[in-house]
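Peer 1: Each chain, letter by letter, is given below.
Protein chains: 2
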Amino acid sequence: MEKTENARWIWYPGDFEIRQGLLQNFSREERSYDWPAYWNMDDCHKNVKFKRYYTLEKATSFVVHAIGIGYVEVNGEKFPFGKKILCEPGKNKIRVFVGNTAGLPAAYIEGEIIKSDGGWSASNFVEELPAGSSTLYTDKEQDPNNIYFNTERVQAATVSSINGGVLIDYGRAVFGTLDIKKLALDKPITICYGESDAEALDIDMCYYKEENADANSTPRKRAFRYLFIPETTPEQVEIEAIHEFIPLKNQASFDSDNELMNRIWNISVETFTLCSGMFFLDGIKRDRWIWSGDAYQSYFINQYLFFDENINTRTMLALRGQNEIKQHMNTIVDYSILWVIAVENHYMMTGNKEFLKQIYSKMKSMMDYLLAQTNELGFIYGREKDWIFIDWSEMDKEGTLAAEQILLLKAYNAMIVCGSVVGEDTEKYSEKYEQLERNLMTYFWDEEKGAFIDSYESGKRHVTRHANIFAVLFDFVDKLKAEKILQNVLLNDKITQITTPYFKFFEQDALCKLGQTDRVFNIICDYWGGMVQQDAVTFWEEYIPDEKGNAVYEMYGDPFGKSLCHAWGASPIYLLGRYFAGIRPTSPGYQTFSVEPKLECFSAIDCTFPIKGGSIRIKKEANTLVVCSTKEGGTMSLNGTDVVLKANMEYAFDLPKELVGNSY
Amino acid sequence: MEKTENARWIWYPGDFEIRQGLLQNFSREERSYDWPAYWNMDDCHKNVKFKRYYTLEKATSFVVHAIGIGYVEVNGEKFPFGKKILCEPGKNKIRVFVGNTAGLPAAYIEGEIIKSDGGWSASNFVEELPAGSSTLYTDKEQDPNNIYFNTERVQAATVSSINGGVLIDYGRAVFGTLDIKKLALDKPITICYGESDAEALDIDMCYYKEENADANSTPRKRAFRYLFIPETTPEQVEIEAIHEFIPLKNQASFDSDNELMNRIWNISVETFTLCSGMFFLDGIKRDRWIWSGDAYQSYFINQYLFFDENINTRTMLALRGQNEIKQHMNTIVDYSILWVIAVENHYMMTGNKEFLKQIYSKMKSMMDYLLAQTNELGFIYGREKDWIFIDWSEMDKEGTLAAEQILLLKAYNAMIVCGSVVGEDTEKYSEKYEQLERNLMTYFWDEEKGAFIDSYESGKRHVTRHANIFAVLFDFVDKLKAEKILQNVLLNDKITQITTPYFKFFEQDALCKLGQTDRVFNIICDYWGGMVQQDAVTFWEEYIPDEKGNAVYEMYGDPFGKSLCHAWGASPIYLLGRYFAGIRPTSPGYQTFSVEPKLECFSAIDCTFPIKGGSIRIKKEANTLVVCSTKEGGTMSLNGTDVVLKANMEYAFDLPKELVGNSY
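Protein sequences, first through last, are from chains A and B. The first sequence begins at 1 in full-length UniProt numbering and counts up by one. The second sequence begins at 1 in full-length UniProt numbering and counts up by one.
Calculated directly from the structure, the hints in this document are not laboratory data. Note that the structure is predicted; figures quoted are calculated from it, not measured. Just so it is clear, CB atoms sit at the ideal spot from N, CA and C, and this is done for glycine as well. Any given hint could be a false lead.
[Said to hold, decoys possible] Here are some chain A residues pointing at chain B (derived, C-beta under 8 Å):
| hint | residue |
| --- | --- |
| 1 | Phe-26 |
| 2 | Ile-69 |
| 3 | Pro-80 |
So that you can see chain A by itself, here it is in the shape it has in the complex:
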């Protein structure tokens, strides 16, 4: 990197994300107690050193600011932090030692020539690597142990008297704090929060409650749309909400003749924006934990909305933790595997080799950890305390599971792709891949059923959707088998339906991939449209059409256990971008990419999606489709014809009748 870059805070690579991830996973609050995540969590290193050599043509000075204690060493001589240090011409070895028992040790080096831009190494006294940094921390007055949120004041949309108190509706989901502007009472108040009015009004069972609040109270950050203040009147109390966020640029737009779909798009954007901050969260109200499975889906949504590379890498580094692996990610074996697969997807999305170089050794150690629990057939099995999750669904879990093997197969593939890029020997993974692929087809593919069975050891030959969906998504079946899976499993009502929105994501993905966009269009209109009809301002963790009244808020045995703003609820963004607009990279970082719209469900549409270093706009009106990419490398496929797209040229296509639009 260039010396002309600006200085920024530097740290041992990965440590910022691990430390902030720890803080994030400790931020869950439920009713009157805190609920730190229930797994083993790494913390950042507490003792690090930074190093850089400078060959100076003239004398120069610099000052080191640090979060922590320590000293600066110039050619062996020690100096304190915060004081100007003069460096003579010639070769200079500069080291900065920082220890911080309270959190992340970090340094900011300020000077004309000697400064903490790119080029510093960081060591934990065992391993020396390029120092880590973030574009969010470029100011010496900052402390990377804190998060500096942007804020937005939100006024009440409606204030009403009810149940002897005041109900405030902000008309939108807020993730933030409160400013009590007025309190004309001679006693403190209780503030009950709710994502729904029902939750806020339930003073016993609402998730969050601020008790003994007065005008000076600054409640902690919480997620809510409603507040209820018992035993007050609208004249006595005025509360502004302060929404907190890390700005992310929405790089996509969507407008169609289908008003419902437009609303679904907008609510998806609102939902995903709320759940995306320093990391991808599952949702804003409940866990606020970083789950690898949830994050996996968020990477895909991000690719078609923010195209923010940093939130991906922050989330992946936080999830992975330090080198030594003590437990599967979130305790779940499949979540560990999804993490490996996600790295390859990130590389395809961004083409970022530097990140691959940083993360590859942690991918390898993760694979070693996984390989240690494979049997002589190459099948991965669960050990005591391992959670073989896949999904909350009835599945024949005797012995090794098909779905888990298909994930592992894809992970080998990811290692081969990523390892080749960083110049590592991937022969081992190729061998493992071949063995596993062979045995997967031998033991788990049931030719008679035309589908993968859950388990071969039980002899039950039970079929669920999960393994079959993964096999389609990861291209492990040929056209013939894929068609069998579509008919025998995905479109077969006798096969237990997917009930969780988590796996619905994968199912829609697979259906689209198998050409079922029309069907998926209907599912989006029904399922997400159902939430829109229920006046949702964000998409929920789960929607069950039959549920009525306050029962819709119940989940996990808790009357308000359901999260009403959940990242995976935003999956229409991905489905619309990936399959309806039909945009996908065909080489890393969209050096080449494919645009293959399937817009028959829309009579008119005007949408833009980001790609690496550019964007693609697709416009359809009547029988004309116009496509424009700001970046070279695209190939447009329409109706069996391929057209190479030059940058910033509008290509107009006449649509044959069958593609003009169904006007759903």
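Since the structure of chain A is already known, use the hints to place chain B on it.
Peer 2: Below, chain B without anything else, positioned relative to chain A:
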């Protein structure tokens, strides 16, 4: 453990020591900067859970206090901390989840029946073990992240005007803070500290300085005997020193006809007491780091002074860190090995099987780490970045080193002893032991020289004292070879002398073991007596008789680099107890022990030394020696005769003329 025990703070075992060890190793201060230790350091877990089952006969209530955030779970139902929780009769599963991003997570459970006494398990979500605790933290108002020192106010012994300022001499070494009682000046003062007057008076080069101090200043904890306040007069300033310490009971006493030896004893006690707190420190002024080599010697001194088991285990747990080993202890290979050997010694001293059970898995992983760097002959070698220390001495370090192999051999022995006690299979270590012993004698024992050579690979056959000393200490040579080592090495002036007090400890130990107590008596009188003559109030890191004036304070190229209160300086305590009083355990925890006094150097002496669960008093007057042990199990050996000692019986022995006393 019994339910009737008192409650105490509990944590994940080892975490308290690891966390406090981190804080300790970050406490070094040098001139105007902090100097955290230069190695990879572990921190405690941040997320733990405690568990216990109670079968209650009647309802009972309890309250959980915690350092950190989290909740209490009773039979699956969650409760906040700090509130009374009622438990119904019958079987109850109680879990306490504590997360603390700022330090050690800990819990204190208060109740009649349900309380944090023994019997709780602690889990890091991977491994479940008996919870850790300390007798220092039994009060719910405490926080195990803090150390609660006892304090002692120290008045100036002399106050004098010098160099235009005031020099205060407290007449003793203080390790603590200051209370500025009077400051009749209209500007802030500078306070220069010194272990010596020369250091305090050197306002540029003194180690510690408090600048801009006023009457409200509370300087941080430092080690000093002198203060110098420039530009003041004795009328203008009055400062009390506040000495801080963790009380340790001196269980030994020593009084003889030799006044110098009495003073050496007393100064040794003062020195060792100052360097012993939460952990064994190398010294109080400079590093304040926990060094495994220094601690190793402190364990031996402790055995004959405080007999404090807890400071041993705290130091060993802090040194060892978490399960995963990333680096040798203090980066030094031999320090890792000494740690393993020390555990066996601690077991012989205390007979504490519980501690062995707790630590054994960490001994095993340490051995795995060491074994990974042995070659086909079983010899351990240094890897890149490993520090093969042994001593600051010229040594032929080509290839593998004899001294290192002898330490490793002793470590195998420790594993066999400790593994057998905890019921582990130690066959592997027996095999390794045999191979290494065989090859050690083949490759490193030089029959012609009658000594171990440093290195066989170089072909130089160079002999230094170190390997030979270790071989004697660990009983790896028969009488014949031991005698050869004595004559050819230890008493051979052509073999480079030991120059460091660190290795002098081992050398005196070996000399005594080979019957050279008379010689060692003289060495003590000369070397330690030399420091007494220089008005030492504590024993130094190093004493070089030829050095004069301020040159005595120089070390490591720093004019005041020498530590004047250094733990290993207290080694006369060990030598007097172990060899002159002749007390040592012959089975774990002094179930049996031997008393074999060698007191010919004293005409009269009255001394007491602790043993596990008792003490032994030895009195010599004229031609009578009286011995009394408060504990059964001792065997007195005198002049070739063994007498079994009954508890609390005085045994008087008439001394033959040659044992009456040399009156040195």
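Peer 1: Evaluate each hint against the coordinates.
Peer 2: Hints, verified against the model:
Proximity of Phe-26 of chain A to chain B holds as hinted, the smallest CB-CB distance being about 5 Å (cut-off 8 Å). About 4 Å separates the beta-carbon of Ile-69 of chain A from the nearest beta-carbon of chain B, less than 8 Å, and the hint is met. Because the closest C-beta pair between Pro-80 of chain A and chain B is about 4 Å apart, less than 8 Å, the hint holds.
Checked against the numbered hints given earlier, this structure breaks none of them.
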